[in-house]
Amino acid sequence: MSNPTSQRTVVVSNENGLHLVPCSQIARVAGEYECEIRIRKESIDVDAKTVLELITLNAGQGTTLELLATGEGADEAVDRLVAMFESDFEVGETPERATGPS
Amino acid sequence: MTVRRGIAVSPGVAIGPALVLGNKNFRIPQRFVSVDAVETEIARFRTALETVCVEIEQNQQLATEQLGKQYGAIFGAHLQLLRDKKLLGEIEGLVREKCFSPEFASSRVLRQYARVFENLGNPYLAERAADLFDLERRLLTELLGEPREELSHLTEPVIVLAHNLTPSETSKLDRNLVRGFATEVGGRTSHTAILAGALEIPAVVGIGSFLGDIDGGETVVVDGTHGEVMVDPDEAAIERYRVSEERIRVYVERLRSQPDVECRTADGERIRLFGNIEFPEEVDVCRQRGADGIGLYRTEFLYLEKESEPSEEDHFQAYRRVISAFPDSPVVIRTLDLGADKMPASFRTRTAEGTNPALGLRSIRLSLRNLALFRTQLRAILRAGVFGDVRIMFPLVSTLLELRQARMILSEVVEDLAEGNVEFAADVPVGIMVEVPSAALMAKEFAEEVDFFSIGTNDLIQYTLAADRADQEVAALYSSADPSILRLIRNVVDAAGPRQLPVTVCGQMSSDPKFVPLLVGLGLRQLSVAPQMVPELKEVLKNVTIPDAEAIARHALSLDVARDVESFLRGELKKTCPDLVV
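These protein sequence lines map, in sequence, to chains Y and V. For what it's worth, our numbering labels the leading residue of the first sequence as 15, then goes sequentially. For what it's worth, our numbering labels the leading residue of the second sequence as 2, then goes sequentially.
Treat the hints as calculated values from the structure; they're not laboratory data. All residues carry an ideal CB built from backbone N, CA and C; glycine is no exception. Don't take every hint at face value.
When the alpha-carbon atoms are kept at most 30 Å apart in a straight line, the in silico BS3-like pairs for lysine-lysine are as follows [claimed, not checked]:
1) V:Lys173 to Y:Lys55
2) V:Lys87 to V:Lys70
3) Y:Lys55 to V:Lys99
4) V:Lys99 to V:Lys86
5) V:Lys173 to V:Lys70
6) V:Lys87 to V:Lys99
Covered stretches of chain Y (in silico footprint by chain V; criterion: 3 or more residues with CB under 8 Å from a CB of chain V, positions within the stretch not fixed) [as the list claims (entries may be wrong)]:
7) 32–40
8) 63–71
9) 84–90
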């Protein structure tokens, strides 16, 4: 049986990068899926379901990350995560943006 | 009376008896459990964990309702951490495999990760180690069955003093009883500081070690506007603060409800009050409090939050956000103002070891040595300039040659941009921050070559009096009221006069109500201040006329020691605005 996989590249665009709050949002969403989800920055590759690993990416604004999901729900999981990156983790710790997404 | 200085993170003044929160290093009574107790111990751990999660959920809800969802999200993150399978796996693993007690295991694992956070080389993430200590404390409290007695059983108003306050402790502070707090550690960007600002509890952090000398119960004044903490203030000081504290609070609340009133003196002279900001999101406070624009946008955060240099796009996005909030008002962007000592590791090779950082390679000096970095920032400012009224300000300029060099780089950047096909503003006004005495003394010559001055009093005082305000031994020398400072300001204003150059004063001095009439009397018509202070300062100015202010300035200039200037100004403020006298 073939395992569905889904892979996408995202750029961290929110101001403070992947700090505690965005990492926890990623882990929460990733945790809803059965599939394995990994996030890679250069040579560092971490489990998207754990905040503690995500933090160690130390991914500031502008960092390019690779999302890779393998298993059931891979496509949907990656789509949702990409949407979160694109919305700059809307309910971040910083107040909502006064301007529209740029 | 001892006075301690720290970082002012939440303005206002509070007075009360000290409540020292124990530097509670939980003593873990039992580090190991017997093999057959492992499963019951794990069950005990899970119950404790669940209780803590419920507590955090309550905090999350409370913070979301009272402060907004961005603050609630901090607790959402804590919750996610406590449900982190890696964390739980490691804690339970230690209990199962090594027979660690759950207390010992939790403490060990959380502390290990706190160290990881601290060592990522990212100051913003390093501050998050405090969040892990918070979780450790909560878990241990639950496991050991010790409720946080001190804060939950308050019966009278107190000033909380602690080595550190965790975000959850801060958010739960009873605003009616906890009048203010001060901590030994912490920075401007810690969650604790952010929450204190949102709660509007006067707070000072980063004071350094001072709890050793305090038993609890002493009278303490927390001046969150100036970043000062007074322990055992003398009778006169107590009287001053006590009379004013409550009045100020009530009064300020009323003032804050009318942000749209233009700032004018009693005789109708328009005074512009701009906001000082550090983070783009602070534009919201500036708008709410009715600032006329941004008089000082410090851009250092862009450099500190990353291990690598920020890209042009990083700068551009941040600037654009600030400008979009004030599209029709001035936004003064200050170029990099960091000492090489404060830069991320990647920059550090550029500084000599063992020299005095305040007098070394920093600010504009650093930019002029690292042209690629400087050009990147200038390009972004010019590009963002198309969205509003942007101005560039060079910090720490000490000689005309530096200014000319910086302007030359700027014109090269303009030429570069003109060759490409990006939109940019070519005619952005350029000013300098006057904060080195040499620049203040040479103001007449500088005036020929700049579009505006902004007097940065914090550094100007430090360099003029050769006193570091963070050094207890000499901090008394550091005073905004020093006659030398007033003379330097007058010199700059006079130099700008003939060319009608705009002059602003930024720095803590201009946020202090008693200095504001003096500054206006010296000829200033714009000030850049802590955004929270805008309503109070409008009120002060509404009560003085220009001739009043000029008389105040004349008299202040006739005095020859800082102490006399200070008490004279306080007396004057008492006459015009008794409700604001601290």
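Do the hints match the structure? See the list:
1. V:Lys173 to Y:Lys55: With a Cα-Cα distance of about 37 Å, the restraint between Lys173 (chain V) and Lys55 (chain Y) is violated, given a limit of 30 Å.
2. V:Lys87 to V:Lys70: holds (27 Å)
3. Y:Lys55 to V:Lys99: violated (34 Å)
4. V:Lys99 to V:Lys86: With a Cα-Cα distance of about 19 Å, the restraint between Lys99 (chain V) and Lys86 (chain V) holds, given a limit of 30 Å.
5. V:Lys173 to V:Lys70: Holds, at roughly 16 Å.
6. V:Lys87 to V:Lys99: At roughly 17 Å apart (the allowed maximum being 30 Å), Lys99 (chain V) and Lys87 (chain V) satisfy the hint.
7. 32–40: holds (count 6)
8. 63–71: Since 7 is at least three, the answer is holds.
9. 84–90: violated (count 0)
In this structure, the earlier hints numbered 1, 3 and 9 are contradicted, and the remaining ones agree with it.
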